[in-house]
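Position chain B against the provided structure of chain A, taking the given hints into account.
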Amino acid sequence: GAVVSQHPSRVICKSGTSVKIECRSLDFQATTMFWYRQFPKKSLMLMATSNEGSKATYEQGVEKDKFLINHASLTLSTLTVTSAHPEDSSFYICSASGLAGTNNEQFFGPGTRLTVL
Amino acid sequence: RKEVEQDPGPFNVPEGATVAFNCTYSNSASQSFFWYRQDCRKEPKLLMSVYSSGNEDGRFTAQLNRASQYISLLIRDSKLSDSATYLCVVNNFNKFYFGSGTKLNVKP
Chain A
3 GAVVSQHPSR VICKSGTSVK IECRSLDFQA TTMFWYRQFP KKSLMLMATS NEGSKATYEQ
63 GVEKDKFLIN HASLTLSTLT VTSAHPEDSS FYICSASGLA GTNNEQFFGP GTRLTVL
Chain B
284 RKEVEQDPGP FNVPEGATVA FNCTYSNSAS QSFFWYRQDC RKEPKLLMSV YSSGNEDGRF
344 TAQLNRASQY ISLLIRDSKL SDSATYLCVV NNFNKFYFGS GTKLNVKP
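Protein sequence lines, in the order shown, are assigned to chains A and B.
To convert, note that position 49 of the first sequence is 51 in the numbering used here; the numbers rise steadily by one, no gaps.
To convert, note that position 97 of the second sequence is 380 in the numbering used here; the numbers rise steadily by one, no gaps.
This is chain A alone, in the form it adopts within the complex (with noise of 0.2 Å):
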């Protein structure tokens, strides 16, 4: 299967700070990312999908200006969560799809897990 990776896995913040999130397809070029967040126990929300070269598509009830997304290549697309709260605080996964010969499978990067204090 596809590689997909994710940096940092674990970040811990102050309250107002932004954090950026990588995710990167390592084998192959991912025409799709998407970014979701998982809360504990709960399944997973996707927040927006991001196709190279064009804006996000963001699900409806997320802030495209909170959790800006850029997608700049085939192989990376970038979350930032713009001046973070507890709130925020959360598991987010990016994953990617486009793996020629799949059947539109989703590869899954390890994770972020962000702490706003």
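No wet-lab data here; the hints were simulated from the structure.
Just so you know, these numbers come straight off a predicted model, no measurement behind them.
Every residue gets a Cβ at the ideal spot worked out from N, C-alpha and C, and that includes glycine.
One or more of the hints may lead you astray.
[Unchecked claim] Partner residues are not named here, just some residues of chain B that face chain A (Cβ under 8 Å, in silico): (1) Ser315; (2) Glu326; (3) Pro327; (4) Ser332; (5) Leu363; (6) Asn374; (7) Asn377; (8) Lys378; (9) Phe379; (10) Gly382; (11) Ser383; (12) Gly384.
[Stated by the list, open to error] Calculated Cβ distances over 10 Å to all of chain A for the following chain B residues: (13) Asp290; (14) Gly299; (15) Thr301; (16) Asn310; (17) Gln314; (18) Leu329; (19) Gly337; (20) Gln346; (21) Arg349; (22) Ser355; (23) Asp365; (24) Lys390.
[Stated by the list, open to error] Listed below are the simulated EDC-like cross-link pairs for lysine to aspartate or glutamate, each with C-alpha atoms no more than 20 Å apart in a straight line: (25) Lys43/A <-> Asp290/B; (26) Lys43/A <-> Asp360/B; (27) Lys328/B <-> Asp29/A; (28) Lys44/A <-> Asp360/B; (29) Lys378/B <-> Glu61/A; (30) Lys44/A <-> Asp322/B; (31) Lys325/B <-> Glu65/A; (32) Lys68/A <-> Asp90/A; (33) Lys325/B <-> Glu24/A; (34) Lys44/A <-> Asp90/A; (35) Lys16/A <-> Glu61/A; (36) Lys378/B <-> Asp90/A; (37) Lys43/A <-> Glu288/B; (38) Lys378/B <-> Glu54/A; (39) Lys43/A <-> Glu286/B; (40) Lys386/B <-> Asp360/B.
Using the frame of chain A, we list chain B on its own:
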């Protein structure tokens, strides 16, 4: 109505048991279907895609019933290491919808 619905469980089964999960989806135009496995505090990992003809991978069998809009996962000869949350995922026009997951506990 949710796009994808699953029984959250937990399913508590002894080692060696056979266990089955079902998942229903609301959009009849959904194109592709998957089962993912998620361990505690980890990312989901693809277990298998689900095809109309049904598919099997070792102890795991997945079935799709388009008429009734459900997919199933059967695990035979359960192992302790099968304990995890199993997520049903449905793809509608490149948008992926996740079920809330079914928790499986396999006990010695």
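These are the hints, each one checked on the structure:
no., hint, verdict
1, Ser315, "holds, 5 Å"
2, Glu326, "holds, 4 Å"
3, Pro327, "holds, 5 Å"
4, Ser332, "holds, 5 Å"
5, Leu363, "violated, 21 Å"
6, Asn374, "holds, 6 Å"
7, Asn377, "holds, 6 Å"
8, Lys378, "holds, 7 Å"
9, Phe379, "holds, 6 Å"
10, Gly382, "holds, 7 Å"
11, Ser383, "holds, 4 Å"
12, Gly384, "holds, 6 Å"
13, Asp290, "holds, 13 Å"
14, Gly299, "holds, 28 Å"
15, Thr301, "holds, 25 Å"
16, Asn310, "holds, 15 Å"
17, Gln314, "violated, 8 Å"
18, Leu329, "violated, 6 Å"
19, Gly337, "holds, 15 Å"
20, Gln346, "holds, 16 Å"
21, Arg349, "holds, 15 Å"
22, Ser355, "holds, 18 Å"
23, Asp365, "holds, 19 Å"
24, Lys390, "holds, 20 Å"
25, Lys43/A <-> Asp290/B, "holds, 14 Å"
26, Lys43/A <-> Asp360/B, "violated, 26 Å"
27, Lys328/B <-> Asp29/A, "holds, 17 Å"
28, Lys44/A <-> Asp360/B, "violated, 28 Å"
29, Lys378/B <-> Glu61/A, "holds, 10 Å"
30, Lys44/A <-> Asp322/B, "holds, 13 Å"
31, Lys325/B <-> Glu65/A, "violated, 25 Å"
32, Lys68/A <-> Asp90/A, "holds, 10 Å"
33, Lys325/B <-> Glu24/A, "holds, 17 Å"
34, Lys44/A <-> Asp90/A, "holds, 15 Å"
35, Lys16/A <-> Glu61/A, "violated, 26 Å"
36, Lys378/B <-> Asp90/A, "violated, 23 Å"
37, Lys43/A <-> Glu288/B, "holds, 15 Å"
38, Lys378/B <-> Glu54/A, "holds, 16 Å"
39, Lys43/A <-> Glu286/B, "holds, 19 Å"
40, Lys386/B <-> Asp360/B, "holds, 17 Å"
In summary, the structure is inconsistent with hints 5, 17, 18, 26, 28, 31, 35 and 36 from the numbered list given earlier, while agreeing with the others.
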